[in-house]
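**Student:** Sequence:
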Amino acid sequence: MYQPPPPNPGDPHSNYYPPPPTGNYYAQPNQTNLEYGQPPPAQPPPNYDGPANTNVQPLKPYTEGQDKIKPGSGWNDKWAIGLWLCNIGAFIGLSVVGLRTYRGNEGAYNGVQSDNAYPGLTFDRATRKYTFSLKIDCKPITIFFRFPKPLIILTFIGSIIVYFGVTIYYFVMHYYSAAIVFLIFSCLYLACLFWWRSRIPFATVMLETVVSITRKHPSTIVIGIITLIVQTAFNFWFMFTVIGVYQAWYSSASNNSKLNCAMVFLVFSFYWTSQVITYVAHVTIAGVFATVYFLNDGVKHPVWGSARRALTTSFGSICFGALLIAFVNMIRYFLQIARANSDNPVLSFLICIIQCIVNCAAGLFEWFTYYAFSGVAIYGEPFIPTARKTWTMVKDRGIDALINTNLIGNVLFMGGLLVGVLCGLLGFIYLKASNPAYNTNGEMTPVVVMMCFLIGSSMFSTVATVISSGVATTFVCLAEDPEALRRSKPQLYEKIRETWPQIAQGI
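Going by the numbering used here, the first residue of the sequence shown is number 653, and it counts up by one from there.
Treat the hints with care, since some could be wrong.
As the list claims (entries may be wrong) - List of simulated lysine-lysine pairs, DSSO-like, C-alpha gap at most 27 angstroms:
id	residue 1	residue 2
1	Lys801	Lys868
2	Lys1041	Lys730
3	Lys1147	Lys1047
4	Lys1041	Lys1141
5	Lys801	Lys1141
6	Lys1147	Lys868
7	Lys868	Lys952
8	Lys1147	Lys801
9	Lys952	Lys1141
10	Lys868	Lys1141
Unchecked claim - Distance windows between CB atoms, simulated:
id	residue 1	residue 2	range
11	Pro1153	Leu1054	15 to 21 angstroms
12	Cys738	Asn912	16 to 22 angstroms
13	Leu735	Val1073	38 to 44 angstroms
14	Pro1153	Asn948	22 to 28 angstroms
15	Phe1017	Asp949	31 to 37 angstroms
16	Phe917	Leu963	24 to 30 angstroms
17	Val818	Ser994	19 to 25 angstroms
Please keep in mind that the hints were generated in silico from the structure rather than gathered at the bench.
Every residue, glycine too, gets a C-beta built ideally from N, C-alpha and C.
Produce the complete structure using the sequences and hints provided.
**Tutor:** The following block contains the structure:
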């Protein structure tokens, strides 16, 4: 019987592929040496009725994606959380100062009592019926995305028409500097319609995919609604605080330095906290889409784990990124004030140019940060390492991501505008049909129509928030790990590969 030669210590290659050690493999019985042609010894028959061998380990399901959506315990960027909490504490302190002025002025105008027989906004049967009819707004939203390719093309053309309409308006109003800028962008946008035609199929598949996941996980819409409510409440809080602080500290006999400092801080705090609210929702929704991407339907109710990570592990990163965006918005705010208060036409023109450059840079930075927070939701890392990964992705796939975001962004913008107009039209029809007592002379018609427009746009914005987060997160997942989609959803992978061949390359 053949026996391998012993290894030669002087031969460097003798350490590779050593002979297997002798022993009992795979629980087989020891074999005796048999000569050629001799039959093997008889083996006892297997016992099918006996207990199963519990030492055999079952095959484990694929769990490679779990390390990407289950970040380690702890809190990232803790310093940003502490700084944001200090900001909230100062905002609450100023809010107390401002809101006290309302109680101090109570009764100055006899409260809200009046001798006028004003019936108010009555919620009669017709009003309740109309309010309920606003809920049909959700049905057209569902139908709205069932034809993604025509939607992308039509909304792109609609955006071009809007840009040219604004250009004509500025020329009519003799605001030539803004008219020229809008004319340039309108022409570029018209050219992009022909340059980006080959990218429309990929954007179509992305929109179909994200909408299908949104329908399967309606909790993402709930997150959007909660975000809208919280943001609206904070907006009212900020508004009443600013008015109250102004009434408390304004003095015609001084330079109001304390008031000016307070107003600057309040604006900065508003920008920062608003971004924190927005990015908490984005990271939560992005976590849901990342879970579906890597684990398909392996996790039930992924929104709970995603929300927990957004409010614990990734909350410091959210505060950090929101702080950067707040600084950028403050720069834009100061430029806007400087332009409004400038009486020198040359200086106003220079500020206008600077403002245009800053706005473009700020838009790109916000777009980059949005994709970075998708990475935060996926990997659970601090903001800086995630931003580096995002920058690597942008250098490799940035143009594709930008075009895809622009194409789908047109659908969301025009969709919000259309839903708002339809709700405003419903409000107008209601006023004409019911002729309520508070609108006998038509004085409340513009107010009601505008309120209906804002309500409709806000309702659509909840869906737009979910779709924007889903598109950004799905694109990051595709760029980082296309093989995960190939394993979980091979048909969708092939469909995307046909419209975007770069998916097979990875980063």
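**Student:** Does each hint fit the structure? Answer for all of them.
**Tutor:** Status of each hint after checking the structure:
With a CA separation close to 21 angstroms, the supplied pair lysine 801 and lysine 868 stays within the 27 angstroms bound. For the given pair, lysine 1041 sits about 21 angstroms from lysine 730 by alpha-carbon distance, which is consistent with the 27 angstroms threshold. A C-alpha spacing of about 25 angstroms is found between lysine 1147 and lysine 1047, which places the hinted pair at or below 27 angstroms, so the restraint holds. At roughly 25 angstroms between alpha-carbon atoms, lysine 1041 and lysine 1141 fall within 27 angstroms of each other, so this suggested pair holds.
For the suggested pair lysine 801 and lysine 1141, the alpha carbons sit about 22 angstroms apart, so the restraint of at most 27 angstroms is met. Only pairs whose Cα atoms come within 27 angstroms are accepted, and lysine 1147 paired with lysine 868 is accepted, the gap being roughly 20 angstroms. Between lysine 868 and lysine 952 the alpha-carbon distance is near 11 angstroms, which keeps this suggested pair within the 27 angstroms criterion. Annotation: proposed proximity of lysine 1147 to lysine 801 holds, straight-line Cα distance about 15 angstroms (limit 27 angstroms).
A threshold of 27 angstroms between alpha carbons decides the hint, and for lysine 952 with lysine 1141 the separation of about 18 angstroms falls inside it, so the pair holds. Of the supplied pair hints, the one linking lysine 868 and lysine 1141 holds, its CA atoms being roughly 15 angstroms apart against a limit of 27 angstroms. The hinted window of 15 to 21 angstroms between proline 1153 and leucine 1054 holds, with their beta carbons roughly 18 angstroms apart. The hinted window of 16 to 22 angstroms between cysteine 738 and asparagine 912 holds, with their beta carbons roughly 21 angstroms apart.
Between leucine 735 and valine 1073, the C-beta spacing of about 42 angstroms keeps the proposed range 38 to 44 angstroms intact. A C-beta distance of roughly 24 angstroms is found between proline 1153 and asparagine 948, which places it inside the suggested range of 22 to 28 angstroms. One distance hint, 31 to 37 angstroms for the beta-carbon pair phenylalanine 1017 and aspartate 949, holds here, with the actual separation near 36 angstroms. Here the CB-CB span from phenylalanine 917 to leucine 963 is close to 25 angstroms, well matched to the stated 24 to 30 angstroms.
Taking 19 to 25 angstroms as the suggested C-beta distance range, the pair valine 818 and serine 994 conforms, at roughly 23 angstroms.
Violated hints are absent here; each numbered hint is respected by the structure.
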